[in-house]
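Using the sequences and the accompanying hints, generate a full structural model.
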Amino acid sequence: MTKENRNPKQKPQAEKSSSNLELRHSSVIRHSPAGPKLLSKGRSFVIYFREWSVAFALFALLLVLAVVAPGFFQKSQLLSICSTAVPVLLVACGISLVIISRQIDISAGSQFAVCSVLLGLLVQAHWPTLLAGLMAILAGACCGAFNGALIAGLRLPSIVVTLATMATWREGLRWWRQGEFVRDLPESFQWFGLGQAGGQAAVLVTTVVLFVLVVFGMKHFSAGRFVYAVGSDAEAARLAGIRPARVTFWVFVVAGALTGVAALLNAVRFADVDPKTGTGIELQAIASAVVGGVAISGGRGKLWGVLPGVLLLVCIAPALVFLKLPPQWEKALQGCIILLAVAADGWRSAREKG
Amino acid sequence: MSTNPTAASTSRAILRFETLLALVLLLEILIFSKTGVNFASRENLFEVLRLSTEIGVLALVMTPIILTGGIDLSVGSMLGLCAVLFGKMWRDGGLPIPLALAGTVAVGAAGGGLNALLITRLGLPPLIVTLGSFSLFRGLAEGITRGVDNFTNFPKSYLFFGQGYLFGFIPAQLPAFALVAVGVWLLVHRTIFGRSFRAIGFSPEGASYAGIPVAKRLALVYVIAGAIAALAALIYVARVGQAKADAGTGYELLAITAVVLGGASIFGGTGTVHGTLLGVLVVAVLKIGLTLSDQPSELAGILTGGLLLAVLASEALLKKLSARRARASQASVSAPT
Amino acid sequence: MRHRICAAECGLVDVQPFDARASKGCRAAFGWFSILLLVSAAGCTKLDKNADTKGSETKQITMAMMPKSKGNAYFISCRKGAEEAAKELGTKLIWDGPTDPDPARQNEIVETWITRGVDVIAVAVENREGISTALRKAREKGIKVITWDSDAQPDARDFLINQATPEGIGFTLMDEAARALGGKGQFAIITASLTAANMNEWQKFIEQRRSEKYPEIKMAALRPCDDLKDKAFAEATAILNANPEVKLLMAICSPAVPGASEAVKQSGRKDVKVVGLGLPNDNKRYVRDEITPSVILWNTENLGYLSVHAAVAVARGELKPGAMRFKAGRLGELEVKGDNVLLGKPFVFNKENIEQFNF
Chain A
0 MTKENRNPKQ KPQAEKSSSN LELRHSSVIR HSPAGPKLLS KGRSFVIYFR
50 EWSVAFALFA LLLVLAVVAP GFFQKSQLLS ICSTAVPVLL VACGISLVII
100 SRQIDISAGS QFAVCSVLLG LLVQAHWPTL LAGLMAILAG ACCGAFNGAL
150 IAGLRLPSIV VTLATMATWR EGLRWWRQGE FVRDLPESFQ WFGLGQAGGQ
200 AAVLVTTVVL FVLVVFGMKH FSAGRFVYAV GSDAEAARLA GIRPARVTFW
250 VFVVAGALTG VAALLNAVRF ADVDPKTGTG IELQAIASAV VGGVAISGGR
300 GKLWGVLPGV LLLVCIAPAL VFLKLPPQWE KALQGCIILL AVAADGWRSA
350 REKG
Chain B
0 MSTNPTAAST SRAILRFETL LALVLLLEIL IFSKTGVNFA SRENLFEVLR
50 LSTEIGVLAL VMTPIILTGG IDLSVGSMLG LCAVLFGKMW RDGGLPIPLA
100 LAGTVAVGAA GGGLNALLIT RLGLPPLIVT LGSFSLFRGL AEGITRGVDN
150 FTNFPKSYLF FGQGYLFGFI PAQLPAFALV AVGVWLLVHR TIFGRSFRAI
200 GFSPEGASYA GIPVAKRLAL VYVIAGAIAA LAALIYVARV GQAKADAGTG
250 YELLAITAVV LGGASIFGGT GTVHGTLLGV LVVAVLKIGL TLSDQPSELA
300 GILTGGLLLA VLASEALLKK LSARRARASQ ASVSAPT
Chain C
0 MRHRICAAEC GLVDVQPFDA RASKGCRAAF GWFSILLLVS AAGCTKLDKN
50 ADTKGSETKQ ITMAMMPKSK GNAYFISCRK GAEEAAKELG TKLIWDGPTD
100 PDPARQNEIV ETWITRGVDV IAVAVENREG ISTALRKARE KGIKVITWDS
150 DAQPDARDFL INQATPEGIG FTLMDEAARA LGGKGQFAII TASLTAANMN
200 EWQKFIEQRR SEKYPEIKMA ALRPCDDLKD KAFAEATAIL NANPEVKLLM
250 AICSPAVPGA SEAVKQSGRK DVKVVGLGLP NDNKRYVRDE ITPSVILWNT
300 ENLGYLSVHA AVAVARGELK PGAMRFKAGR LGELEVKGDN VLLGKPFVFN
350 KENIEQFNF
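Chains as they are written, first to last, in numbering that gives the first Met the number 0: chain A, 0 to 353; chain B, 0 to 336; chain C, 0 to 358.
The set of hints was computed from the structure by calculation and includes no laboratory data.
Since the structure is predicted, the reported quantities are computational estimates derived from the model, not experimental observations.
Be aware that one or more of the hints could be misleading.
Unchecked claim - Calculated lysine-lysine pairs in the BS3-like style (CA-CA distance at most 25 Å, straight line):
id, chain 1, residue 1, chain 2, residue 2
1, C, 203, A, 323
2, C, 58, C, 136
3, B, 87, C, 203
4, C, 140, B, 33
Pasting the structure below:
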């Protein structure tokens, strides 16, 4: 049972970091992106057990629904689930990057709300939707940069910094808007003015493209490899010529930008903006990432696992409606799934070590 | 053995930090005495302590957990679950209050035990385990009450512990708060358990090589956390006079804020109980002082976040400065004459 | 290895060399500071109840007013009316409320106001039993207490400013739903959260009205939306897809009405309607599009206005128990029923009148 030390610069730990190096080394080899190509198909299934098991759990849930309540598979319901999943998926991608680099970001929900409200206000002031959207994404990136500067620059612990920024942004927004919707937006705002079908298609296509880009980028771009390296062992990465502070900073900026995109794609579904939007999205995103195989200890996790994770968690609420189950079990179910997924992972790695 | 210059300068840094926090508290008190109506009164002093009892107790018990490098996000939800179960045991189970109290604490310890089991047996990161139990406990509380049920009309003798005043001015929950504070302080600063928590926080492998039963010690902190969360639930129900599933929402983050403000490193290994108490006081005085100064509640949230960042940033800068100074003095010591 | 077992625990191996020294130092510092605090506290003045009005000739009333929570747009217009009344009467109005979801936060703020010493407290109650504890304490200290928008226990307050009884709200909602359904069919309710006390009361009266007057109408589902418009949208879509016979959505929290209406609009179903409790401004477009035949509320500005007038009157002793009528500024004379000051009945906004309102 190991607890990884998150601060490699602690002075009395000089010996520790080299033993860390050995431990990290083995995990890097086993889980590096290049690894699976050298292994057989069967072995890769074992390695990616978590990702497959999530997909399996999702499949099982869908099977139950298909038998008991086939109405779940209506086009409008599937579209609704996809629409709900879009912002969670994008935020989860960003948060996965953060978690892989061995940090955490619980301020994503507040960033989401700030970007949404900013978008709404700009559109209200007659900015074109796309330009306002760009500004919202930029705002998200700025929020991320603020987090990143404190975390990478001053080396403050990420959970505390993002806790503080989460509270500050959320309360500040609440003070400013007092809960009032941003209304009276021009017709060209909803669905980018493309009409419902066109807009939904545009949103889905954009999400899929972005997701594929992120997955591809993490796997094949050296920047992606740097994130894994920094998450595995920042000291080793530094010795290898990577600059952990810079990587961490940009990871937060990218996560913030992805949150901004998520806010944009979510806001255009409606005709007005609720400043309470995005409440709880960071927990959903972190849960999806973890359930989907991204290890909270950093340095490990395939991003494509996030997709079944998101779908699984997003399907719970409508599944309860279709299965006619009482709604108050939603939270308990979510908690159970998270614990089961994480326990299975822990049991597997305990078995591997022992 | 000549003093290690790094140790001396780091100790000065830590010393400076907690003094910094005490200065912040003093500054708050001075400002609010001017702007707040009736802030500088004996009643208010006791009210501040009284209203911060539940979060204070949670922060106190969070300190050893954070010392070991872990975290417990489920204490607020545990509070809600315990409150609801207490009400259920008393109203629907017909148990007399003392028995229901004992049962609630047992449930709290069991919940902490669940966390402990997953963290120690399966080696899972505490953040994720307690994130899962955070949802699970709250969900159970909502499920048990179907969200609607609200347990009220507790006997006056029980409600006294949350609403009554001893000798006319000491709030009845203060003795419990003081007891927990003294207990946790002794645990962390005087017993071998406390020393082992720090050791585990610095390096679990090193601690286990030094012969510390890491799993048992971790299990101990999480179980205690669960039991104390149950105690906080009992005080909460007595103070508010009702037990509902949404009790204690958000308390875990407030507790963590207090602990981190108090100087504990979230990575583990450093932290003091008196620092945590200072942190609790700083946040509570800020909140109450702003209300007494007729300022809106949002300001409390914004300022707490800002204060947390400012205090952490200044701590980091101080450490950098003293490290630089230590390197300079080391260089001058080792430089050839 | 065995010889090392006791090492750390017996203190022979100093696990944290610098901490021991530091803890001594900061304990000393802390000790001095806490002594300082205690000394300053002991030497402090006792609670001053009239702190606000020291030195002024006519006693200015200080009133503390609390909405249910501060993130809800409904209370923005209440505040507007309240501040208008406060300016009229020359009252100092403190407006604050919980921003945390924790239900005990209302209690904390009320207890802090007791320490501050205000003349009258007016609360829109979130938790009936919970807040009564704090309100009773306020009354013991001589502070006048009224409730507005939703009530506490009757012995905890002097008056309730009632815009509409929960019975009135529940019955009106069910009547409007029945009218939209044509007397029979299925409907579903979207509420904010399962724990919200006032919504549970409304649901009780909705069910009572349904079983008494509209037995042909059945409730198919009840889902919470956590007071979020986006979630209400998702829940409404799921309900419509899972229960094709549901022809009416009843949204009883203000973000849920536009959320559900948007869901109906995007589903393309012309046979489904939405009624609910919400702000006119949020729902104008859906009422125009005939998705939402009626939105029920009351004049929230007047509610705030009346609350302040009544609170100040109670504080000055002008409004006493047993009064039958109460004159509230520009609202004229209003009925007082027992300890309820009545603003009036729930107001139904529909296509004919919604454009006249701006809140």
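Hint-by-hint comparison with the structure:
Between residue 203 of chain C and residue 323 of chain A the CA atoms are separated by roughly 21 Å; this keeps the pair inside 25 Å, and the hint holds. Taking the CA atoms of residue 58 of chain C and residue 136 of chain C, the gap is about 23 Å. The hint holds against a cut of 25 Å. Simply put, residue 87 of chain B and residue 203 of chain C have alpha-carbon atoms about 22 Å apart, close enough for the 25 Å limit, and the pair holds. Taking the CA atoms of residue 140 of chain C and residue 33 of chain B, the gap is about 24 Å. The hint holds against a cut of 25 Å.
Of the numbered hints stated above, none is contradicted by the structure.
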